[in-house]
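K.L.:
So the protein lines, in turn, are chains A and B. The opening residue of the first sequence carries number 1 in the numbering used here; numbering runs sequentially from there. The opening residue of the second sequence carries number 1 in the numbering used here; numbering runs sequentially from there.
Certain hints may be false.
Same chains, same label: a pair holds when it works inside one copy or across any pair of copies.
Below 25 Å or equal to it, Euclidean Cα-Cα: the simulated SDA-like pairs (lysine to any residue) are [unchecked claim]:
1. 55 with 220
2. 144 with 209
3. 144 with 216
4. 144 with 50
5. 171 with 17
6. 144 with 183
7. 220 with 190
8. 16 with 86
9. 57 with 220
10. 144 with 9
11. 171 with 123
Don't read these hints as lab results, they were simulated from the structure.
2 protein chains.
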Amino acid sequence: MAENVSTHPYLPQGLKLPCRYVENDKSIQELLGVFFGLTALVMVSTWIYSGSSAKVKLSTGQRLTVCWFVLCGCIHLILEGWFSVFHNSIAGDQSFLSQLWKEYSKADSRYVSADNFTVVMESITAFLEGPGSFLAAWAILENKPSRYLLQLLVSTGQLYGDILYYTIEYKDGFIHGPMWHPLYFWFYFMFLNSFWIVIPFCLLVQSCGKVSQAQSALDKTGAGKKRK
Amino acid sequence: MAENVSTHPYLPQGLKLPCRYVENDKSIQELLGVFFGLTALVMVSTWIYSGSSAKVKLSTGQRLTVCWFVLCGCIHLILEGWFSVFHNSIAGDQSFLSQLWKEYSKADSRYVSADNFTVVMESITAFLEGPGSFLAAWAILENKPSRYLLQLLVSTGQLYGDILYYTIEYKDGFIHGPMWHPLYFWFYFMFLNSFWIVIPFCLLVQSCGKVSQAQSALDKTGAGKKRK
Numbered sequence: 001m002a003e004n005v006s007t008h009p010y011l012p013q014g015l016k017l018p019c020r021y022v023e024n025d026k027s028i029q030e031l032l033g034v035f036f037g038l039t040a041l042v043m044v045s046t047w048i049y050s051g052s053s054a055k056v057k058l059s060t061g062q063r064l065t066v067c068w069f070v071l072c073g074c075i076h077l078i079l080e081g082w083f084s085v086f087h088n089s090i091a092g093d094q095s096f097l098s099q100l101w102k103e104y105s106k107a108d109s110r111y112v113s114a115d116n117f118t119v120v121m122e123s124i125t126a127f128l129e130g131p132g133s134f135l136a137a138w139a140i141l142e143n144k145p146s147r148y149l150l151q152l153l154v155s156t157g158q159l160y161g162d163i164l165y166y167t168i169e170y171k172d173g174f175i176h177g178p179m180w181h182p183l184y185f186w187f188y189f190m191f192l193n194s195f196w197i198v199i200p201f202c203l204l205v206q207s208c209g210k211v212s213q214a215q216s217a218l219d220k221t222g223a224g225k226k227r228k
Numbered sequence: 001m002a003e004n005v006s007t008h009p010y011l012p013q014g015l016k017l018p019c020r021y022v023e024n025d026k027s028i029q030e031l032l033g034v035f036f037g038l039t040a041l042v043m044v045s046t047w048i049y050s051g052s053s054a055k056v057k058l059s060t061g062q063r064l065t066v067c068w069f070v071l072c073g074c075i076h077l078i079l080e081g082w083f084s085v086f087h088n089s090i091a092g093d094q095s096f097l098s099q100l101w102k103e104y105s106k107a108d109s110r111y112v113s114a115d116n117f118t119v120v121m122e123s124i125t126a127f128l129e130g131p132g133s134f135l136a137a138w139a140i141l142e143n144k145p146s147r148y149l150l151q152l153l154v155s156t157g158q159l160y161g162d163i164l165y166y167t168i169e170y171k172d173g174f175i176h177g178p179m180w181h182p183l184y185f186w187f188y189f190m191f192l193n194s195f196w197i198v199i200p201f202c203l204l205v206q207s208c209g210k211v212s213q214a215q216s217a218l219d220k221t222g223a224g225k226k227r228k
């Protein structure tokens with residue numbers, strides 16, 4: 001067979017993929033429509049659920065935080081979990097999630113080429129922060145004492161992973177996608193990932209305050225001192 | 001000049017360094033002797049200081065935690081800070097810290113070659129976890145309400161960084177050093193770095209328990225509910 005196995009649309013030119021590339025048969029409209037449609041569905045249904053089923057009455061901010069963590073849990077476990085497990089075959093696979101990754105990889109080919117840092121970081125995100133996100137949502141709904149702790153742990157992990165993700169690509173010279181491209185660079189790479197900088201940062205600051213407040217209150221009662 | 005600028009002792013063969021390699025003029029005994037000597041000095045002096053200068057009487061575990069964080073602060077800020085700032089010139093530099101990195105790089109050449117993941121991860125370790133470690137030590141000595149929070153944040157960052165560090169090299173097939181070599185693989189790479197898995201994990205578990213306990217105590221007083 002004299003097929004050119006290296007023909008693919010990804011940057012940098014000559015990038016080696018772990019398997020033979022097959023072009024998507026689903027359109028970008030279909031892929032993004034289903035992704036953002038499901039995102040909206042998760043957000044709206046969690047919003048409704050959190051208004052009626054929480055153990056204590058939640059504030060608007062807390063309900064939004066629950067929505068965020070449920071969405072994160074879904075994205076981390078399903079989408080990033082898929083990448084973590086099937087990264088070596090995504091380039092040639094036509095399932096919906098693989099096609100979504102092939103589309104996103106036009107912005108960052110480290111996904112379709114199964115770059116080692118990306119695989120390891122995404123595996124931690126999928127299998128530690130994914131379940132952690134669901135636990136954090138549950139802890140807020142149930143008003144568990146671990147609610148700020150889980151918020152803090154998941155947000156720290158997300159922030160660390162995303163800072164590495166951006167900064168390594170910056171140091172690589174943004175060679176894995178078309179720089180300044182409106183859709184690929186600005187929307188997929190910069191905008192979509194920026195949610196995992198801005199929101200975890202805010203949630204981290206809030207949970208740090210809450211954790212310190214609780215310890216301060218405990219120390220004032222003298223119980224903190226006895227425990228040491 | 002027809003000098004072979006790529007002659008160096010690092011793996012994999014043909015590895016490109018960011019500048020011309022100059023062989024260490026200090027012996028391994030001198031480098032390790034000074035490093036472990038200073039490590040012992042920091043630990044012993046912090047141990048003595050923590051026994052007399054803390055705001056409340058600290059337990060043995062707390063004093064050891066203070067010693068750990070002061071040592072981490074020194075290693076992160078000075079040793080890893082040096083790498084973060086001078087990674088492009090270490091291969092050809094003869095200052096003490098550069099020679100230490102050239103020696104360590106025989107176990108992991110990602111340092112001497114200024115690998116992008118390694119530079120970014122070490123920069124976060126140096127300039128976030130470094131000051132964070134000193135803050136954590138200070139917070140324990142001063143019995144601040146933020147003491148478990150800082151312990152938790154620094155330990156999470158150390159654990160995340162070190163898990164990435166090991167796992168990416170595992171996925172790379174341990175190509176950056178001589179595999180199974182008693183000194184380079186087992187002692188430098190596996191043993192020395194394992195401290196930043198084992199100790200942060202223990203400190204993370206402890207601080208998670210403390211943070212949840214404090215929130216639980218606050219929630220029981222009803223103050224937690226009013227605040228929401």
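K.L.:
State for each hint whether it applies.
P.N.:
Against the structure, the hints come out as follows:
Proximity of residue 55 and residue 220 under a CA criterion of 25 Å is satisfied inter-copy only: 15 Å between copies versus 28 Å inside one chain copy. Taking the shortest alpha-carbon separations for residue 144 and residue 209, both the intra-copy value of 17 Å and the inter-copy value of 13 Å come in at or below 25 Å. Taking the shortest Cα distances, residue 144 and residue 216 sit within 25 Å of each other both inside one copy (19 Å) and across copies (8 Å). For the identical chains of this complex, residue 144 and residue 50 are intra-copy neighbours only, at 15 Å inside a copy versus 35 Å across copies, given an alpha-carbon limit of 25 Å.
In the homo-oligomer, the alpha carbons of residue 171 and residue 17 lie at most 25 Å apart both inside one protomer (22 Å) and across protomers (16 Å), since each shortest distance falls under that limit. In this assembly of identical chains, the alpha carbons of residue 144 and residue 183 never lie at most 25 Å apart, being 41 Å within a copy and 48 Å across copies at closest. In the homo-oligomer, the alpha carbons of residue 220 and residue 190 never lie at most 25 Å apart, since the shortest distance is 45 Å inside one protomer and 43 Å across protomers. Taking identical chains as interchangeable, the C-alpha atoms of residue 16 and residue 86 lie at most 25 Å apart only when both belong to the same chain, with a minimum of 17 Å there against 32 Å between chains.
Taking CA atoms no more than 25 Å apart as the test, residue 57 paired with residue 220 passes between copies only; the shortest distance there is 17 Å, against 28 Å inside one copy. Neither within a single protomer nor between protomers do residue 144 and residue 9 lie at most 25 Å apart by alpha-carbon distance, with minima of 48 Å and 55 Å respectively. For the identical chains of this complex, residue 171 and residue 123 are neighbours both inside a copy (22 Å) and across copies (12 Å), given an alpha-carbon limit of 25 Å.
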